[in-house]
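Protein chains in written order, with the working numbering: chain P, 1 to 676; chain W, 1001 to 1259.
Source of the hints: derived by calculation from the structure; they are not laboratory data.
Don't take each hint at face value.
[To be verified] Computed, partial: chain P to chain W, Cβ under 7 Å:
#: 1; residue: L383
#: 2; residue: Y486
#: 3; residue: L487
[Said to hold, decoys possible] Here are some chain W residues the structure puts well away from chain P; computed CB gaps all over 12 Å:
#: 4; residue: A1020
#: 5; residue: Q1054
#: 6; residue: G1065
#: 7; residue: G1089
#: 8; residue: K1162
#: 9; residue: L1165
#: 10; residue: E1168
#: 11; residue: P1174
#: 12; residue: P1215
#: 13; residue: S1223
#: 14; residue: S1228
#: 15; residue: G1253
Where is the CB? At the ideal position from N, CA and C, for every residue including glycine.
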Amino acid sequence: MDLPHKESFFNIGPERYLNYLFALIALVFVGYHIYRRYRIWRLGKPELRFDRIPARVSLILRYALAQLKMPRDPWAAVVHYGIFWGYLLLFVATTLDGTTYWLKTLTGYEVLVGPTYLLYKALIGNLGGTLALIGLLAAFYWRLVIRPPRLRYQTEDWVILGLLLFNVLNGFEVQALRLAMTDLRNHPEWAYWAYGSYPLAVILSGLPDSVLRPLHWASWWVHVLASQFAVAFIAYSKLEHIIFGPLNIFFRSLEPRGTLKPIPNIETAETYGANRVPDFTWKQLLDADACIRCGRCTANCPANLTGKPLSPKKIILDLKAEMDRAGPLYLRGRQPDGPSLVGDITTDDELWDCLTCGACMEACPMEIEHVPTIVEERRYLVLNEGRIPRDVVNLFNNLERSGNPWGYPPTTRADWARDLGVRTIAEDPGADYLWWVGCAGSYDERNIRISRALARILQAAGVRFAILGPEETCTGDPARRAGHEYLYQILAQQNIEALNRYGVRKILTACPHCFNTLKNEYRAFGGFYEVVHHSQLIAELVETGRVRLERPVGQRLTYHDPCYLGRHNGVYDPARLALTRLPGASLVEMRLHRHQAFCCGGGGARVFMTETRGHKRVNHERTDHVLAVNPNVIATACPFCMIMFEDALKTRNLTDRLEARDLAELVAESAGLSLK
Amino acid sequence: MNLVVVVREVPDIQEELEVAADGKDIDRTFISFVMNEFDEQALEEALVLKEEGQADSVLVAALDGEGVDDILYTALAKGADEAVKVIHGLEPPIPTRVRAALLAAALKSIPHDLIFTGVQSAEDWDGQLAPLLGAALDYPWVEVVTAVRLEDGLAVVEKEFKGGLRAELEVRLPAVLGIQAATKPPRYAPVSRIRQLMRTATLKTVEVNEMSPAPAAKIRRLSRPVASRSAEFIEGSLDEVVEGLLSVFRNAGVLRGEG
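Kindly produce the complete structure, drawing on both the sequences and the hints.
See below:
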């Protein structure tokens, strides 16, 4: 029978079985490495990440296999898709080769024969090699010529690329040598299918067998050794991401991105937050091992881009270094001394610079959760060490004493609405919406104007709503994000008690920070509400005609996505929908919008802190993004964004050409409602 | 060297304060108390001295009263070594003269080299506690202190006078200092730490026998300030506003000539 078929171990004698020994050795290296890291992860605190398995499998398909974040950087996409799919196909090819060989040896049944074999050769082996080659060549060009600053350029990086390139070329060479001695002589039409190695085979075919045979034998063994060396190298290099990456993606939090976890049993805890390896959860430790050091987090971090010391990548790698240093000591039951992770390795300033905007997490291809780790370390600073910046001390004092970040009297919380006929929930317990006004909307002069505009919209549209009035206090969001979990829990419990006392089910709020806290974080304390952001309700009122937009407002608008509405909660469209309905206005998008939007500088309690580090203020940087599309109105939907933009426009003398307006103000004005 | 910081509670002015029915005190039924802000400065200065190694220990003492436990635990959470509650048996408000006498009696059983207290308190603003305590103990005292340095048997203190004038004084120990401001802003003690100490730490108590009533000022009547004339807004263009302001100054006689 003269059919094309895979001739396994061509030209290799009984020494062929050594091949399996080498593979086993490589796998032992990798297995032992996984086991060692697993033991370190087990030092961490428990955390439930085994729920909703189908959703987790879907994560694997999307982010580990399809790697949906790769196309955001075209070069990274070419490089990584090339190498990943190429090597995956090569792995499949080798596995098929091995299994079918044993099937044939043991049962005599041949799978890789005839057209199947030719297709196998063309679409698995040679396609894999070709894709990997393209990816690797692109990688060298990318790193040598383009040199993106976010990447690391260490020996290890070059060794890996060199090794992978050598294996691909070596693989083609082995195949070419075999073709030169077999198919090319007997059935040249079969040889085309191995298009990757065919050209080399043609060149080599002129050599006599006395050269080809030993050369093939030697190259085959080099290929085995180099490939198994690459496998073993997974245990000693960033290649470990091949294992830890998908694992980390599988265990990603399925909560909305901005959700933080409570400190369990806070009343009886001995220490708070995280500084030593066992203070972190196992997932936070796994995060550190999954880091591939690609630098996407830092390249997208608004604090880092404006020159502040914070680098999310460094935060994660600092933890990894601590795991490497102290982990083995803990495993031997010792208490390591030496520098403290928080303070000595990761500095206080780095932690306080974080805006909790989540751009790092959004960018991370490994789904590392930087923000919860940073907040955990802030908790250590605040609750354990008491090392707190002055501004944050004032914030905490005000929240403790007055229930709002600025220290205004709680009794005057509802004064903004005094002449508007707004009722409290005590006066109208049957209201459809409990409007959570929030501290900014209640006390901040600029944001009071937005609250008043929203009140008029709701009244004009006939929405039955009520406010809590003086019974409302800060949701605790800034306290929580600044690391004061205890204060957050006091405020949360107080608010949940008030909301539940009135049987509140549906909450409306104009503040994305309140939105996130009420919707996602009060659940852990018994507060379950349907929470609607004002952009969602306004869009609905506009769409259903309950608010008619008649007057032209603004000409050229750009919309700034608030982090806690957009990236953290996926609400991007309602505000845009309402804005595009404004007569005479056109909506232009900034380069960084939707999930890639750049923080205003006010998240993570930073709106209450003076910005002293860096070469530029974050709100000035964001204002540059605005100026690049040359609008006359920045539309936003967050009181903190508003405060940050107002500040930027004033400090940069831009108030005569650009104004910052909330969606509610624009809609109220267009609907002909009073703005006073 | 042992430092003692005398602290007291004052009503939290974040809340609405009402005059009591008898018109001689505020209604103390529902109000909450916080540490007197000048006492916070005094405590901070003492803690800084301890941290710098100039002093060995910081003990906080307060007359018993509503909310005093919280204040003492807060002081412990900030780093004080011990807290003492002085049990007396008098009803608030306690005049400063009596306060000083009670504290002086209590301090007899508390080892101390230097006593700190806030220069004054929001409850009476009379600023007499440091001098009266000094007199009762027969110690030297200094008021309006903004910096303290400890030397052998001496405290070198900076005192602020009117018009930005400062003096550096040497005070023989033991002494009483009325602190105006610490060299650093008072530190923050997270509630979690305070609650932790409430479970684990104990407050010591010193009982002081009732003493013969000391001569002290009596409150005859307490009332809310009455809003008098409201502010005048000068509106118009920049020139009109400037002209308006100038005429206000001229009418008040603080501006001579055309200025």
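Index of numbered hints that the structure contradicts, given in increasing order
none
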